[in-house]
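Colleague: Heads up: the protein sequence lines correspond to chains A and B, in order.
Under the numbering used here, the first residue of the first sequence carries the number 102, and numbering increases by one thereafter.
Under the numbering used here, the first residue of the second sequence carries the number 124, and numbering increases by one thereafter.
Think of the hints as simulated: they come from the structure by calculation, not from any bench.
Computed from a predicted structure; not experimentally measured.
Just so you know, not all the hints are guaranteed correct.
Between beta-carbon pairs, the in silico distance windows are [as the list claims (entries may be wrong)]: (1) B:205 / A:210: 50 to 56 Å; (2) A:206 / B:335: 48 to 54 Å; (3) A:188 / B:335: 51 to 57 Å; (4) B:157 / A:175: 37 to 43 Å; (5) A:296 / B:289: 54 to 60 Å; (6) B:288 / A:188: 22 to 28 Å; (7) B:289 / A:209: 54 to 60 Å.
Don't be surprised by glycine CBs; every beta carbon is placed ideally from N, CA and C.
Below are the chains, spelled out letter by letter.
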Amino acid sequence: MSQITLREVSRWYGNVVAVNDVSFEVGAGITGLLGPNGAGKTTLLHMMAGFLAPSAGDVRIDDSPTWRHPEVYRRIGFVPEREAVHPFLTGRQFVHSSARLQGVKDPDAATERAIEMVDLREASGRAIGGYSKGMRQRVKVAASLVHDPEVLVLDEPFNGMDPRQRLHMMDLLRSMAAEGRTILFSSHILEEVERLSDRVLVVVAGRLAASGDFRRIRRLMTDRPHTFSVRSSDDRLLARELLASPEVQAVELHDGVLTVRTGDYGQLTRAVGPAAQRAGVSLLELRPADESLESVFSYLVHR
Amino acid sequence: MTAALLSLTLRGLLNRRRTLLLGLIGALVLLVAVIYRLSGPAEAEASTFTGRLLADFGLGVLLPLVAVIVGTAAIGSELDDGTILYLLAKPIPRMLIVAIKLLVAAGVVTVLVALPILLAGIIGTGGSASLGLAYAVAAAFGALEYTSVFLALSLVTSRALVIGLAYVVVWEGVVAGLFAGTRIFSVRQHALAVGDALAGDGAVTAELAAGSALLIGFTVTLLAFGLAVRRLERVELRGDSN
C-alpha cells in the first residue's frame, strides 16, 4: 500500500501563486480532487506525478520525492488530461511500448491485460490518430496500468467518455482500489466524484479548502442550515410539533414532503423522535436532504 | 527498454513527410554529381570539382540543413506536442533517453547526408571511392556534433529550428567567412577540416587543423550532451487551465 504525501507545498509561476501551502496525505482507496477551473488541480497532480517541481515544500510517494526521481514511475501510473498521444502508433503498439519502456517482464501479456481492462480490444489494432476522444482516454489509461502500479494519478479521466465507458471506468477504478491501490483523480463533475469516492480534496484558489469524507465535511459547515426530509404517518401534525422545537429554523410541507431546516445537525436528530412521540405520529424516515457533494462544493467555493 | 526507445525515436523522427523532404535534399548532391558527369568533364578537373561539391554543398549546405531539422525534432517535436510525457513517465535514466535520441538522430543524419556524399564522390570522380569516403566520414563526424548542439538547443528554447537555421546561415555562412577567428566555433569548419585531412588532395583547404577540429568537435558534443541531459531532467509540464 502506497501513500502520497504533500507537506507545505507551494508552487508559483513568477508572481502568480498556483498552489499555496497545501498539505495532505492520500492513502489506499479512491480520492477525488475537486476544484473550479484554475484552482490548481492540475498543478497539484503534476507535482504528485513528478512533472513539476514544488517551489516550496515536499511531495513524496512513500519515502521517495517525486521530482527528478524517475524510479518512482515503477510505482506510479499517470494519466494526463492532455490528449497528445503518438498518432502514428496503434493502440496496442502504444501500450506495448509503454510496457517495454517500463521494463515489464512479459510485455505481450501485460499489454493484452491492460487493453482488456479498459475494454479496447476491438480498436487496439487501429492507429491512435483515428481514435475518438473517449478511446484516446482509454488507451492512455491502459498505458498507465500496464506495469501494475500501486499508485494511479488521473487528471480528468472521464473526459470524452460516453456513459457506458464512464461506468466501465468507474468499475475498473473501484476494483483497483479494492486491491489496495492508491487512486487519486481530478474532476470538475461533482456527480462523478460523488459516485466514485467518499473522500475528497477540495482545492479553491490554490488552497486546500477541505479534505475528508464530504458528508462529514457537510456536517462541519455549521454556519449553513442543514436540511432533512421527514416521512411520518401524519406529516402535518409532526410539522406543527417540530416548529415548536427551538433547534428547528424552518419547516416546509410541499407536495407531501416535509422538509425541516436546522442549524444544529445533532440536536435535530435527537429532537425529531420525541417530537413525533408528543404528536402521536409514527416516524417512518429521517434523511439528510442536502448532504450532496454539490452543496459542500458550492459552499466551499463561494465562501 | 533500449530497443523500445530506439524504435519509438526512429518512428517519431521518420514520419513520411519529413523523410521524403530530407531524402530529396540529400538527393540534390547526387543530382549535381550526375549532371556534372553527364556533361563530360576533363578528368583532370573532376577530382577538384567533386571535392568542392562535397565540401561546399555536401558539408556546407546539406549537412547543416538536414542536421538542424532532425536534431531539433529528435526531442523537440515530442516536447512541442506533449508526447514527451509518456517517455518521462517511465523509470528510465534521462541520460539514457538523451543518448539514444542523439545516436538515432545522428545516425539518421549520417545516412541521409553521408550516403549521398559517398555516392556523389564516386560518380563525380568517375569511379574512385576515396574522395567520397573522406567527406562521408567528415559528414558523419559533423552529423554527431551538429545534432548534439541542435538537440540541446531544442531543450533550451522552443524556437530551436529558427535559431539553428540562423546559426547555420548567419554565423557559419557569413560571420565565419568574414572573420577567420570565429571559425573555431563553426561545426562546418570542424567537419571540413576532417574531410580535408582525410581526402588529402588539396581541393579544399580547411582553416583548422584536423586534430584541433576533432578535439573541439568532441568537446562541443559532450558539453551539448551534458546540457541536454540536465535540461531533460528538469522538464516541467504546465497545466492548461486547472
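Colleague: Which constraints among the numbered hints does this structure fail? Numbers only, ascending.
Modeller: 1, 3, 4 and 7
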